[in-house]
Amino acid sequence: MIEVKDLVKKFDNISAVDHISFNVEKGEIFAFLGPNGAGKTTTIKMLTTLLTPTSGEIKINGFLANDKKDEVRHSFGIVFQDESLDEDLTAYENMEFHAVLYGIKKGLRKKRIEELLKLVELWERKDDLVKHFSGGMKRRLEIARGLVHHPKVLFLDEPTLGLDPQTRNFLWEYIKKLNKQEGMTVFLTTHYMEEADKISDRIAIIDKGKIVMIGTSKEIKEKTNSDLLEKAFLKLTGKPIREEFANNLDHMRLRRRIFRGRR
Amino acid sequence: MNSPIYIMWLRQIKRYWRSKPRVIGSLAQPLLFLVALGFGFGPIFEKAGGGNYLEFLAPGIIAMTVLSNSLFNGIEIIWDKQFGFLKETLVSPVPRYKIILGRIFGGATVATIQGIIVLLISLIIGFKPINIFMIPLAIFFMFLISTLFAGVGTSIASKLEDMQGFQLIVNFIFMPLFFLSGALFPFTDLPLFLSKIIKLNPLAYGVDGLRFSLTGISNLSLLLDFFVLFISSIIIIIIGSYLFSKTEV
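From first to last, the protein sequence lines stand for chains Z and P. The numbers in the first sequence follow this note's numbering, run straight up by one, and end at 263. The numbers in the second sequence follow this note's numbering, run straight up by one, and end at 512.
The hints are simulated quantities; they were obtained by calculation from the structure and are not laboratory data. Just so you know, even glycine gets a beta-carbon here, dropped at the ideal spot from N, CA and C. Please note: incorrect hints may appear among the correct ones.
[Unchecked claim] Here are a few chain P residues that sit away from chain Z, every Cβ distance over 12 Å (derived from the structure):
1) Y269
2) S282
3) A291
4) N434
5) Y505
[As the list claims (entries may be wrong)] Heads up, simulated EDC-like pairs for lysine to aspartate or glutamate below, C-alpha to C-alpha not over 16 Å straight-line:
6) K361(P) with E87(Z)
7) K138(Z) with D70(Z)
8) K283(P) with D88(Z)
9) K10(Z) with E511(P)
[Unchecked claim] From the structure, some residues in chain P lie toward chain Z, with a derived Cβ separation under 10 Å:
10) L294
11) V298
12) A299
13) K310
14) F346
15) F348
16) E351
17) L353
18) I497
19) E511
20) V512
Construct all of the structure, not just a fragment, from the sequences and the given hints.
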């Protein structure tokens, strides 16, 4: 379902993603783990056509991401790491906006929006402006929105960040159910190792732009001689904190883009 | 309706309608200009044989309102970049030119509504249009001006990340556009170089078209006004679509 070959993304000659290759099978739940600044979000952005790779090949649902952008865009849904709702619209309007962009006809649109909003328990609040929602409600709405067009692949970029255990539990249960019932492929990143361990079929651990290990949770634990995924993760990626490096890279990108824009 | 352009447009109208402070706030400046300049310069203008200054000024101030609202509308793209909503539109399977068209028409409609409100205010202050049936033509010209400058604002915003930078640039181009458009003074008896500069300013044709529809006085020709605005709008929409298609988040 997702085929990545020799993917590279460079910002000012620094490789944020450095020659990575992997495949995700149809119906698989695949976790992409790594410390801050490892290249997770950059990879997701390339997989979802938001960034153009420096080199390499991406195929989603059989379509080349560089070539058949619109087919690729139809194939996936995404829940972003940071918020991406219009807070001045209501929950329903956000859903409707999405459905129209994906070309879903009116009758079907109404039915699906109602279905999904009921599933994430927001139907009662459908006419409230999103700015009055709590963090957990917004997350639920974003997930519902990502599913309106029945994507073949769902990308989740740290979907549970800052959510309480109840909401986290709800989300994973729901995503597992979708995965089982509809055979939907799920590609996720998270910092919570227990979650990744529990939910995913296979895991890739990425550090400094390279995949350091890929396999089932069991395989990774065996190869690293660890009893917990968290320990395996620390063994593979080391203990130094990466925050600074990531921030610098982000800043540089931002500054460079602003500068380019002003010129 | 099931079109991405329409839903983009509708979103902007809804956002506009829901932010009343913005509506009222952006009317303060044109009102001040109308009252202070209209009544302040009125007596001198009349003594100099120019006739009623308010009659001359009102179309210019309407053009100013439309100009600033449409230019500054581009800030919504930067807003969307910072608040993440832009990603939602960029991952969708909608051609980039449709996204930009929806935005430009949304911004242009909002600016036109603001222009109509200022027209109503000027009627209350004492402005008398020459022919009520010409008002639709005036609104049409407001929309042409708005489309052009919503395109300019959107194009600039496509290349920028921060709001301060955007405000700086837009303020920088707003002043010369407005002052050198014939909005405040007639450009018939000006030094040659100045009237040449004014004729290079597309807003001058918008002001002229508006002034003709509202007062019957025109320095240029109505057909020329229309074509200059129309063609520059098309050019800027093409530029805007191109710049926007290069946007990465």
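The hints, checked one at a time:
1. Y269: Violated, because the least Cβ-Cβ distance between Y269(P) and chain Z comes to about 8 Å, which does not exceed 12 Å.
2. S282: violated (7 Å)
3. A291: A291(P) clear of chain Z: closest Cβ-Cβ about 22 Å, beyond 12 Å.
4. N434: Consistent with the label, N434(P) stays out of reach of chain Z, its closest Cβ about 15 Å off (over 12 Å).
5. Y505: holds (14 Å)
6. K361(P) with E87(Z): Given pair K361(P), E87(Z) is violated - Cα atoms ~22 Å apart, limit 16 Å.
7. K138(Z) with D70(Z): With Cα atoms ~27 Å apart, K138(Z) and D70(Z) exceed 16 Å; violated.
8. K283(P) with D88(Z): Satisfied, since the Cα-Cα distance of roughly 12 Å is no more than 16 Å.
9. K10(Z) with E511(P): holds (14 Å)
10. L294: violated (26 Å)
11. V298: violated (32 Å)
12. A299: It is violated, given that the least Cβ distance between A299(P) and chain Z is near 33 Å, above 10 Å.
13. K310: violated (47 Å)
14. F346: holds (7 Å)
15. F348: Check passed: Cβ of F348(P) comes within 5 Å of chain Z, closer than 10 Å.
16. E351: Check passed: Cβ of E351(P) comes within 5 Å of chain Z, closer than 10 Å.
17. L353: holds (6 Å)
18. I497: violated (24 Å)
19. E511: Holds, because the Cβ-Cβ distance from E511(P) to chain Z comes to roughly 5 Å (cut-off 10 Å).
20. V512: Holds - the Cβ of V512(P) comes within 10 Å of chain Z, reaching about 5 Å at its closest.
Figure legend: structure checked against the earlier numbered hints; hints not met, in rising order: 1, 2, 6, 7, 10, 11, 12, 13, 18.
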